[in-house]
Amino acid sequence: MGKQIKNSAGSKALTLTAWLIALVALFPFFMMVLISFRVSGDAYEPFYYIIKPTMENYKTVFLHKNYLDWYSNTIVTVVITILLRLLVTLPASYAFSRLKFKGRGFILGLLLATMMVPGETTMVPRYLYFKTLHLLDTKWSIILPEITEVFYLMLMTEFFRSIPEDFSEAARIDGCSHPRILSSIFLPLSGPSIATTVLFSFINIWNNFLDPYLFINSIDKQMITPALKFFQERGGANIPVQLAGASLAIIPILILFTVTQKYFVAGVSSSGIKG
Amino acid sequence: MKTKLTKSNLRDARTGYIFILPFVVLFAVFKVYPLIYGFAVSFLGRNSIRTVSDTTFVGLENYVKVLQSNSFWTSLEKSFQYALIYTVVVMVGGFLTAMLLNRKFRGRTFVRTMAYLPYVTNVIAIGIVLKYLFNPTKGPINAIFRAFGEAGPKWFSSPDLALPMTAIIGAWLAMAFNTITILAALQDIPNDLFEVADIEGASGLQRIRYIVLPMISSALFMLLTITVINSFKSYTTVVSLTNGGPASSSRVLSLQIYEDAFTYMKFSIAAAEGTLFTLIIIAFNKILDKVRAVWENR
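Protein sequence lines correspond, in order, to chains A and B. Taking this note's numbering, I'd label the letters of the first sequence as residues 4 to 278. Taking this note's numbering, I'd label the letters of the second sequence as residues 47 to 344.
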């Protein structure tokens with residue numbers, strides 16, 4: 004918009020503001036990495052203060068007896084959750100988008116309605132209930148409830164709805180069964196949607212703080228994000244070490260995000276919200 | 047032909063149920079049941095470590111206690127203050143950022159990527175560096191104030207600023223979702239509308255008021271609903287930045303629930319608070335829906 008104000012002072016100011024937003028977003032990450040290479044005594048020197056970078060903080064993090072446990076626990080949990088999530092969500096989305104059965108709209112509506120209840124209001128019953136199921140202090144206390152997220156059901160259902168009816172009709176006439184249509188027609192077409200699901204699942208489970216914080220007690224079984232808080236509290240006031248731990252903890256998501264940014268944007272804008 | 051069709055319809059329906067069964071069962075067991083369980087626990091007497099498996103029905107006792115306690119109302123108010131600031135910042139900030147990033151300028155792709163960056167990270171990790179940056183005595187932000195001979199605000203350790211600060215940081219981290227959605231909605235506005243505006247000599251603000259806002263209003267309402275739902279999820283942000291302090295000035299309801307349950311072992315009291323909070327959020331969303339319906343039919 005605003006073709007006539009191109010190159011005017013106003014236009015320059017707007018571009019500058021956009022760049023400012025980007026720099027404000029980048030600055031904390033920049034500082035995080037920068038300070039993580041300093042010795043503790045230099046932590047509060049200004050950012051342009053040149054020091055000889057040290058790897059000591061990263062060494063401290065890696066030598067911490069649990070840091071690598073937290074990392075691998077999180078990766079294992081994320082991978083299992085994503086696989087089970089796809090396995091359960093794909094057929095359900097196919098049914099909601101393609102098959103007619105009694106109560107379809109009602110069930111979908113009910114699932115959607117629960118989305119407005121924030122998990123933190125139910126932390127007490129979830130804790131007590133998982134305790135009776137003997138799920139506490141295992142990764143299953145994170146995985147099992149995470150398998151069914153309505154957000155991903157909606158994402159896939161919306162996508163399946165956009166696949167032309169003719170595709171499945173033709174296959175039906177040829178005598179294809181529904182599992183067959185799902186696996187050999189819908190699945191090959193859903194690459195982008197599955198990529199979006201994988202990316203968002205990865206980010207959300209990796210960043211989840213409250214659930215592992217509540218349900219996992221043993222420090223060697225903890226996930227990386229809540230462990231960072233522990234690391235912060237027990238690691239003493241050594242800010243560069245804390246920042247080294249935090250930098251290492253967000254690297255996987257940053258890499259994943261930059262590589263698959265296309266799917267990230269597509270995922271947000273196709274989640275049926277655009278109206 | 048007709049019987050064959052119904053037969054295949056029946057088969058379709060059966061496949062439909064089988065396909066949704068795993069999802070629905072897991073959802074019922076791990077998502078819906080805890081809600082009902084919490085409701086049930088709120089009527090029991092599980093208010094100490096010895097009574098954690100107690101099944102004595104105490105009626106509305108827990109609710110009476112909660113509704114009579116000052117801390118419930120104070121922390122509920124804090125939750126709503128957080129929600130209000132969060133919603134305003136996410137909605138306004140998300141819209142303005144989208145408008146800025148929708149323009150063509152050099153480095154737009156890079157700027158967009160950077161603007162989405164906070165959304166993919168978590169507040170626990172980024173909180174460590176934010177507390178460093180906003181450290182009132184040693185941090186680089188207050189160094190700017192000191193350069194002008196001022197001490198500068200105390201940010202997270204100021205009773206007046208702690209809650210607004212956490213809400214703003216929470217909003218800043220979440221804003222990109224709105225920005226991306228609005229950017230996509232802006233793409234759908236027909237270009238001729240802007241061409242007409244060019245001919246008529248409309249100002250930038252007039253374009254926003256008469257073209258952009260009406261054209262993306264349905265997207266904005268959907269985003270408002272989602273933002274309001276998310277605005278009540280303040281636990282992680284508050285815990286990582288202020289832990290409810292200083293002097294419980296940022297102690298939102300979810301922190302109170304956590305403390306009642308896991309510090310004082312008052313599980314039934316905490317379950318009652320959780321149930322009340324859920325009901326308040328649902329009621330609030332219903333009111334918002336009504337407002338939206340009235341607005342759209344005006």
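Some hints here could point you the wrong way.
What the hints assert, rightly or not - Simulated crosslink set (DSSO-like; lysine-lysine; CA at most 27 Å straight-line):
(1) A/Lys15 / B/Lys150
(2) A/Lys15 / A/Lys142
(3) B/Lys150 / A/Lys62
Stated by the list, open to error - Output of the computed footprint for chain A on chain B, the stretches with three or more beta carbons under 8 Å from beta carbons of chain A:
(4) 199-210
(5) 314-325
Said to hold, decoys possible - Chain A residues, not near chain B, derived (Cβ > 10 Å throughout):
(6) Ile53
(7) Leu86
(8) Lys103
(9) Arg129
(10) Asn210
For the record, the hints were derived by calculation from the structure and aren't laboratory data. Yeah, the Cβ is synthetic: ideal placement off N, Cα and C, and Gly gets one too.
Going through the hints against the structure:
A distance of roughly 11 Å separates the Cα atoms of A/Lys15 and B/Lys150; the hinted pair therefore holds under the 27 Å criterion. Taking the CA atoms of A/Lys15 and A/Lys142, the gap is about 52 Å. The hint is violated against a cut of 27 Å. With a C-alpha separation of about 45 Å, the suggested pairing of B/Lys150 with A/Lys62 is violated against the 27 Å cut-off. Proximity of the region 199-210 of chain B to chain A, defined as three or more residues with a beta carbon under 8 Å from a beta carbon of that chain, is not established by the 0 residues found.
Judged by the Cβ-Cβ criterion of 8 Å, the region 314-325 of chain B is covered by chain A as claimed, because 6 of its residues qualify and three suffice. Against chain B, the non-interface label of A/Ile53 holds: every CB pair exceeds 10 Å, the least being about 15 Å. Residue placement check: A/Leu86 keeps its beta carbon more than 10 Å from all beta carbons of chain B (closest about 13 Å). At roughly 6 Å from the closest C-beta of chain B, the C-beta of A/Lys103 falls inside 10 Å, breaking its exclusion from the interface.
At roughly 5 Å from the closest C-beta of chain B, the C-beta of A/Arg129 falls inside 10 Å, breaking its exclusion from the interface. Against chain B, the non-interface label of A/Asn210 is violated: not every CB pair exceeds 10 Å, the least being about 4 Å.
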